[in-house]
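Undergrad: Since chain A is already given, all that's left is putting chain B on it; use the hints.
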Amino acid sequence: MKKEKFNIIQDSCIPLPLENVDTDQIVPARFLKATTREGFGENLFRDWRFDEQGNKIESFVLNDPTYSGRILVAGKNFGSGSSREHAAWAIADYGFRVVVSSFFADIHKNNELNNFVLPVVVTEQFLKELFDSIYANPRTEVIVNLPEQTITNTATGKSETFEINAYKKHCLMNGLDDIDYLLSNKDKIESWEAAR
Amino acid sequence: MNTLFDKIWDSHIVHKVEDGPTQLYIDRLYCHEVTSPQAFDDLRSRGIKCLRPDRIYCMPDHNIPTLDQDKPIEEPVSRNQVETLTRNAHEFGLTHFGMKHPKNGIIHVVGPELGLTLPGMTIVCGDSHTSTHGAMGAIAFGIGTSEVGMVLASQCILQQKPKSMRITVDGELGKGVTAKDVALYIISKMTTSGATGYFVEYAGSAIRSMSMESRLTLCNLSIEMGARGGMVAPDEITFEYIKGREYAPQGEEWEKAVAYWKTLPSEPDAVFDKEIVFDAADIEPRVTYGTNPGMGIGISEAVPAVETMPEAGQASYIKSLEYMGFAPGEKLEGHPIDYVFIGSCTNGRIEDFRAFAEIVKGHKKADNVVAWIVPGSWNVYRQIEEEGLAAIFTEAGFELRQPGCSACLAMNEDKIPAGKYAVSTSNRNFEGRQGPGARTILASPYVAAAAAITGTITDPRKFL
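Quick mapping for you: the protein sequence lines, in order, are chains A and B.
Position one of the first sequence corresponds to residue 7 (the numbering used here), numbered consecutively onward.
Position one of the second sequence corresponds to residue 4 (the numbering used here), numbered consecutively onward.
Bound-form chain A, shown alone:
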C-alpha cells in the first residue's frame, strides 16, 4: 500500500450520481477473499462494470472514455453498509485520490482516510452544480486543496471549504499512519491499564 502524501490535486472527474452506493457495490463480497491489499481496483464496481460473462457494460461510467480523472463524484451517503476496507483499497487501487459527495458513511470515510484517499463533503447545491458542470463538459476540473481545506469547481469558479480533523490532515500531508502514532503512546496505554 503506497502512502502517497496529499497536498493539492487538480483533475477531471468521474460522475456517479447515484445515492446510497454501498460497499457491496464498490466491491462485492465474493472478491474479498484476498489476503493482501493489492489488485482490488480490477473489481471496483464489479457488477456495474462487467456482465456475468465478464464483458464490459458500456453504459457504466467507468467504461465510458468520455470521463476520466482521479476524482470520483458520487451521490449522497456514499460507502454505506459493510465495513470492508477492501472498498477503499479498490478505490485507491483504481487510481482515485479524492471522492466528493454530500454525505459519507462513517466507517467507509475512515477507511478512505486510512488509505490516503480524501473524502470531501460538499453541500447538496455544490454537488448538483458539479454534476451539471461535468455533464456539460466532461473535462471540467476540480481543485482540491488539502492545506487550505477548499474544493473548487473550475467551471463555475465556486469554492467551498471542507472539514477534516487536524490530526488526520497532518497524517495525509506527511504520509503517516495511526499505528506509528499509537505505539509512540505505549507508556500512556500502560499507565491507563495500571490505573484501571
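Everything hinted at is true.
Derived pair list, reagent style DSS-like, types lysine-lysine, alpha-carbon separation capped at 27 Å:
{"no.": "1", "chain 1": "B", "residue 1": "K52", "chain 2": "A", "residue 2": "K194"}
{"no.": "2", "chain 1": "B", "residue 1": "K10", "chain 2": "A", "residue 2": "K194"}
{"no.": "3", "chain 1": "B", "residue 1": "K418", "chain 2": "A", "residue 2": "K62"}
{"no.": "4", "chain 1": "B", "residue 1": "K164", "chain 2": "A", "residue 2": "K175"}
{"no.": "5", "chain 1": "A", "residue 1": "K175", "chain 2": "B", "residue 2": "K166"}
{"no.": "6", "chain 1": "B", "residue 1": "K277", "chain 2": "B", "residue 2": "K192"}
Everything labelled a hint here was simulated from the structure, so no lab data went into it.
TA: Just chain B now, kept in the frame of chain A:
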C-alpha cells in the same frame, strides 16, 4: 447527567489527541478471516507483536461452508483465507475457534453466547455488524482493517466521539411483531443514513420488555441506518442472560461486576443530541422491497410511488425497483418467492429458530421453495437438536445446515441465483448481496417461515 455511552467512553480514554480523535482503550477485539489478514501483515512488516493477545478472539465465519465442515473447504481462495487466520492466530498467540471447533460460529452470535461480550466493555471487530454487542450495554462498533491493525498492535483505536441519539419505542408489540420488525420499521423511518455520525441508545418499554436475543437483533441492525452502533442499558434481563456463561465473571467477581453494571444506565436527566420516539403499536410484520434496508414496508402496505421520493433520489429509487422487479403501488403479499434463508448474525440465535419452528410445525415446505436453515453457531446448532426443533424442521421438509454467515453475503457456496427472490432473515438487501443478481426481501423469522410453507410472501399472523 451522563449517558450510558458517555460513561463507557469516558472510562476508556487513554489520551485525547490535540485537535484530533480520542485514543480509546479496547477491551475486546474480535477477528474473522476476511478483514484481518492485511492487519496481521501490518504488524509483521513492523516486526511487532500484539500488545494484549489475551483480549483478542479469532474465528472464521464468512467463508465457512454450511455442509460437510469435517472436510477441507473446496474453494482454494476461501480455504486460504480461513487457514491464514489459523496461522495468524497461532503466530500472534491469540485464542482461535476454528472451523468445526465446538465454540465456532458467527462472531456476533458467539461473543454474547460465551459471555465474552459484557456490559461496560469497548468492543471492535472488522465487521459493521459489531453493533450487535451493544445490546449487552457495551460500546461496540465495526472498523476497517487498518483499524484492526491499530488494535492488534496497541489495544487502542483512534476515534472521533460520535454524537448521541436516543430512540425510544414505547408500548406493546403486536402479535407476530419481532425485534427484526422493530428495527426494519425504525430504519425505514430514519433512512439508511439517518443515524450516520451518531451512536444510538434504544430505550422505552418495548425495548425493556425485549429478551436479550431480541435486543441483539435490534442493535445488530443499527448500522443499517448509518449509526456506528446501538446499545441498550443493561438490566436484570441482561444479567440473567450472562450469568453462568463460560467466560462471564463467577462468584465474588460476578457480584462486583453486576454492581458496576448497575451504575451504567443513562441518568434520568441525561441529554442526547437527538431524541426520536416511536409507538410500538404502529409496527406490523415488515418486508423490504428495494435494495437497501431502509426501503421497507408493513406487510399489508404497497411499494411507495416514485413521486413520494426526494427528487435527487428518484433515479436510484427507480433503479432499485427495476432490480427487484417490483412496481410502485404493488403489494408484496402473495408474491411468489424462490428461496428462504434463516440465519446470520441478525437472526441466527435459538429464539429465531424457535420462532421459525413455531410456524412450520405441522406444515410442509412449499415445493417451489429452497430453504436454508443455518444456525449462528455450533452452540445454537446443538440447542436446535436438543430442543427437538431439528425434528420439527425435518418433519416439515427442511434441512438443518451447519453454522456460518452463509447466504447473508454468499461468500461460501450458499448463493441465491440471479433473478430469484429470497425471503431472508439477514441484514442487507443490497444488489448482489446474496449472489449476483439475487433479489433479497429482508424479514423476520416468522415472515420467513410463513413464506417457506406457502411459497409466497405471507402475513405470518395467520399462523400464530
